[in-house]
Structure formats: C-alpha cells, structure tokens
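Below are the chains, spelled out letter by letter.
2 protein chains.
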Amino acid sequence: MKIALDAMGGDAAPAVTVRGALDAVDALGIGVVLVGDETRIRAELGTQGDGRISVRHASEVVGMEESPAVALRRKKDSSIRVAVNLVKSGEADAVVSAGNTGAAMATSFLVLGASEGVDRPGIATVMPSAQDPFVLIDAGATVDCKPMHLLQFGVMGEVYASMALGRANPKIGLLSIGEEASKGNELTKESFKLLSDSHLNFVGNVEGKDIFAGAVDVVVCDGFIGNVALKIGEGIVEAAVHMLRRELAHSLLGKLGYVLLKAGVPELKKKLDYSEYGGAPLLGINGICIISHGRSSSKAIRNALAVAADAARNNLPETIARGVRKTVREVTSVAS
Amino acid sequence: MKIALDAMGGDAAPAVTVRGALDAVDALGIGVVLVGDETRIRAELGTQGDGRISVRHASEVVGMEESPAVALRRKKDSSIRVAVNLVKSGEADAVVSAGNTGAAMATSFLVLGASEGVDRPGIATVMPSAQDPFVLIDAGATVDCKPMHLLQFGVMGEVYASMALGRANPKIGLLSIGEEASKGNELTKESFKLLSDSHLNFVGNVEGKDIFAGAVDVVVCDGFIGNVALKIGEGIVEAAVHMLRRELAHSLLGKLGYVLLKAGVPELKKKLDYSEYGGAPLLGINGICIISHGRSSSKAIRNALAVAADAARNNLPETIARGVRKTVREVTSVAS
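For the protein sequence lines, the chains are A and B, in the order given.
Using this note's numbering, the letters of the first sequence map in sequence onto residues 1447 to 1782.
Using this note's numbering, the letters of the second sequence map in sequence onto residues 1447 to 1782.
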C-alpha cells in the first residue's frame, strides 16, 4: 500500500505534510511518496523516515488562489499533477492533497477520468450532527447537476457511509425545502423520483434543520448547494458564538459563562472542520483522491492518509462504479 | 391606514393574533381588520378594542400542512383568501398572515398579481449577523430562477434594506461558492454579469461564511438555496448548542459554563427567528403581504403589522416596480 502525498499542498507545507506522513507510516504501516520540491522536503525529513517514505521531485506548485484551469494547462510539473500521475501509472494506490481544492479535483478528474457508467464526480464530506456524523455529497465538485447525477451521488454516498462511518444500509435523504415529494425545485423533484425507484434506502426529502439533528446518514444535493451549506455551517457557528458573547455580556454571570464556554468552542469548530475526519474523497473517478483542508494539521494529514489507505483496501472506485451502473439500470428499467 | 390580519393564521390563533392586533392599534395608531371565524374572534376580543379594530368573517381556514394549490382551488372563503381580497378591493392597505406560508404566498400572488415589469416574486427576510442584520432574498418564493429574476431580487432587496434597515446605498452580494466572478453555477455566473451592469451597489459574490460575518446588506439567491440556507441556520445553531453541551460536560467548569450559557441561548434563537423582525414581505406583487412565522408571539404579530403599515406608507410595491423596470432597462441597454 503506497499513497502519493502532495507534500507542497496546504498552508504550512511541507512541514505539516512531512510530519503527517511520518506519523502515518509509523501508525498505519503504509508507504508514502512525498511529492514536491525535493530539497525542501528532504530538509524537513532530515534523518527521519525509513524505506516506507520516498520522495518524488516536482518543480512547480499550484498556489491556493490560482485558477484550476490555468494550473492544469500551464503547470504540468506541479506537485498535485505529479502525485495524480503516480496513481494513473499504478505507482501509488491513492493521492492526498491539502492544496488548492479546485486544482486537485480538476487534475484528478482529467488525469484519472470518470469511472465507467459515472456521469459526474462528487465530493463527499463527513459533517457533525447533534447525534452521529453524516455524509454530505456533493460538497462542490459538480455545481450544475441533472437528476441522474444526484441519483449517482446517492449511490456514492451509500458506499462511502458504509465504509467511512460503518453504517449498514445507510439512510439517504435529499436536501430540499419540505418533506413532501412535491416540495423542492425542478432538479430535486425529478431526483426524488429516481431515488425512489432505486434500491437505495431513500427516506425522502430532508430540510436544512433536520440534517444537523442527525436525521439521515447521507445527504444528497448538487455541488453548489452543498458547498454553500458547508460554508454557512462554518460561518454561522462563528457568528453565533460572537452573538452569544454579546448577549452574555449583559450580566456578570453571563460573562463568566462565556469564558467557560470558550473552552468548548475550539473542539466544536474542529468537529465542523471536515479535515478532522481525514479529508473528503472525490468519488466517481478512476482512482482515489482525498482532499484535505488547506489549514490541515499534521494529524489531519495522517487521518487523510488513513482514509486513502482504507479506500484503496476496499477498492472504493470499483465498488462505486458497480453500484452506480446497477442503480442506473434499475431506474431505467422502471422508467421503460 | 388599515391592515387586514389573517386572524386564524399561526399555531396559537386567534388568541395571539387578536392580542397582537390590539397592541398594534394602541401602539401604532393604525386600523386592523381581523379576518376569520367571527364568533371565535369576538370571544377573544371581548370588550377590548375600539373603532380601529373591526372583524370580517371568513368561514374556512387553511391548515398549516395543507397544499397551497388545493387550498387555493377549494377554500375560496378561507381567512387568508378573504384578507387578501380586502387588499385587492382597496378596503385594506396590506395583509399580514402567520398561517400556511405557501398558501399566503400563492394566494397573494394569484389575487394581487405581479407588479408590472416584475417577473417573479421574492420573499425578503431579515437575518442576524455578527455585525448588523442583513436582508436575504429570495427565501423561498421562486425556487427555479433565471438570471433576470436574481437581478430583480437585487432591486427588491435594495429597496427593502433601505426601508426596513435604514441602509443608504445598501451593499448587494450574490450568494455563491467563491469570490471571483468565475466561481459559481450557470445561474450565478450569468446573474453576476447582470448585477454588475446595473446601478446597484453590487459588491460581487459572497460565500456562506461571509454573510453571517455581516459582509453585505443584501444577499441575493434563488428561493431554493435561500430556503435551505435559512433552515440550515436554524438547525445548526440548535445542533451547535447540543454539541457544545457535550463538549463542556467533560469538566465541572465546562458544565457550569453551559448552565450560564443557556441564559443567552433563547435570546440568540430569537435573533435567528425572522418573526422577531416583524415577518417577511413577499415582494414584487401588486400589494403588500407580510408573512410571519407560525410560532409568532403577539409581539411578532404586532411587529409584522408595523412593517406592513410602514411598507404601505412608503408605497413599497410601486417603489420596487419602478426600480425593477429601470434596472431591467439598464442591463438591456448594456447588452444591446
């Protein structure tokens, strides 16, 4: 088992990525190929690491603010490109990047291609709820979706929730604006029918307030809504803490409460940060690509490497591709 | 000034609606027509009220779970229908309802019609942020939008933010998944161009995490996203409080912090509940319709009546219609 790690990706790379790789090699017994500026990576490594850590030089880096399309065209020797190429050539079983998310997705999709039978890729993230965590898909890979794409995200979510969260027969919900099948927009109303016709354990529409109460194991939505939802989640917790502080400032006891409360907030923020769950896989492609947050700690990198190894062991892309083909056949035969 | 109030709308109607009307008449010096079951309304009124409170009988009520389409077809004498008819006939200057939101929107749109030049109605809600409140439009009236609709929502939001929040030249943001004009889906990318070509103070895309930090005065989005965002806001605060409690339960000081914290939570929830701001207007129609939450208190009803009176005094529908026509001309002349 060997994972290619974009060693230059993330705010504190390559220090944090090298640290995460060393931890992963020790804890998980996997091999890691550090891809990027060899001099800088070796400087971080020093005398650490053993035969399971190797370095592959890449002369370029895609910046966090760079356009993925431009990076794809111009930076053929970027660390993310070289790392993905290792998966393509079979030298690595998976790739992990905490760099430019758009570039990592676009490069993986372009180089590895969609799995046979899959129309569009989806990014799956694990989110916290008042009860157990759930999988949200798509978190931003495909922003303009057709009903068939959402059906396929349902299958990807089912497979990933089984693997990552250990859920048997996961409950799938469609993010919408009311529980009844008649509620939603054109996209969700058509998707509702397809999901109902499939073998998936589809429980119907779920609303924004239900998902954080832990109503389902998998929330299906298009990549635009999913990304907006994710960032609203981030934003509102910060704003709520801020507003709470103002409310509590009216009384001395309130102020004391806020001081004590602050102890819990970093933990809570971590729970809302998907990197803590080891990053988010881009699903539906011919290979394994795990995307981590740019602010990933070395622990988050190690977790992402663990998820990548797990996905490779479970042959996630093939399981998903098989599931998608079967499900598309199901709903097509119902329709005809 | 006379406002028609759907006295049967809301979880605790007609007790709460009658109480809210009495308060509004006293505090605001307006007239209120209570529309609904005359016997029940008079029982609540007793000897209270003066010449400024009147009652108009309506024999039917649309339930909270009823389909708006079915209600429109079958319940011609529902309290919401009769109340909207009073606006149509000129007997009332505006209508307020805390009943079935879908039915209130559909009835107002059908009976009063869209303003000349307006393509689709939008519902504007005031939301809290870490800084000042902002207007989000559309919160659920038009779930499938074209770019021209979002442009028109921008105008409606501008006019409403000026009136309701007293903002001069309000900053308009387009809800998307990245700040650059190139980020978003097909709808937002086209809408970005139209908004840029208009006279509006358009500051570009805003992300979910920015809006609760108070980045703009008006957030423009389609009604599906807007409704999802609203409900995620509700859900995540409840989940966050729940998760915080679990985190804090690890230590005695943490537990104490949570107990003190709870004092602030009801206030915070109120801030996240748009009824506290007096309900949300359905904009872009030939008349004034203010929608309140089903759980509205009498204070929220009174606030909604105040917003309705304010909108009537400012001739909100005509100001919006004029602004929309002007703006559509602007972007059309740029395009040609």
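It is worth saying that the hints were derived from the structure and are not from the lab.
This structure is a prediction, so every number in the text was calculated from the model and none was measured.
You may find that some hints are simply not true.
The list treats identical chains as interchangeable, and a pair is accepted whether it falls inside one copy or across any two copies.
[Said to hold, decoys possible] In silico DSBU-like cross-links for lysine-lysine, where the CA-CA straight-line distance does not exceed 35 Å:
| no. | residue 1 | residue 2 |
| --- | --- | --- |
| 1 | Lys1745 | Lys1635 |
| 2 | Lys1592 | Lys1635 |
| 3 | Lys1522 | Lys1639 |
| 4 | Lys1639 | Lys1745 |
| 5 | Lys1745 | Lys1772 |
| 6 | Lys1522 | Lys1617 |
| 7 | Lys1639 | Lys1448 |
| 8 | Lys1522 | Lys1655 |
| 9 | Lys1639 | Lys1617 |
| 10 | Lys1745 | Lys1522 |
| 11 | Lys1635 | Lys1448 |
| 12 | Lys1635 | Lys1534 |
| 13 | Lys1522 | Lys1635 |
| 14 | Lys1629 | Lys1745 |
| 15 | Lys1655 | Lys1745 |
Here is how each hint holds up against the structure:
no.	hint	verdict
1	Lys1745 to Lys1635	neither (41 Å within a copy, 37 Å between copies)
2	Lys1592 to Lys1635	both (11 Å within a copy, 18 Å between copies)
3	Lys1522 to Lys1639	between (43 Å within a copy, 32 Å between copies)
4	Lys1639 to Lys1745	neither (41 Å within a copy, 42 Å between copies)
5	Lys1745 to Lys1772	neither (37 Å within a copy, 55 Å between copies)
6	Lys1522 to Lys1617	neither (42 Å within a copy, 41 Å between copies)
7	Lys1639 to Lys1448	neither (41 Å within a copy, 46 Å between copies)
8	Lys1522 to Lys1655	between (44 Å within a copy, 33 Å between copies)
9	Lys1639 to Lys1617	within (16 Å within a copy, 40 Å between copies)
10	Lys1745 to Lys1522	within (29 Å within a copy, 63 Å between copies)
11	Lys1635 to Lys1448	neither (43 Å within a copy, 40 Å between copies)
12	Lys1635 to Lys1534	between (38 Å within a copy, 33 Å between copies)
13	Lys1522 to Lys1635	between (42 Å within a copy, 28 Å between copies)
14	Lys1629 to Lys1745	between (42 Å within a copy, 30 Å between copies)
15	Lys1655 to Lys1745	both (31 Å within a copy, 25 Å between copies)
The structure fails to meet hints 1, 4, 5, 6, 7 and 11 from the earlier list, while all remaining hints are met.
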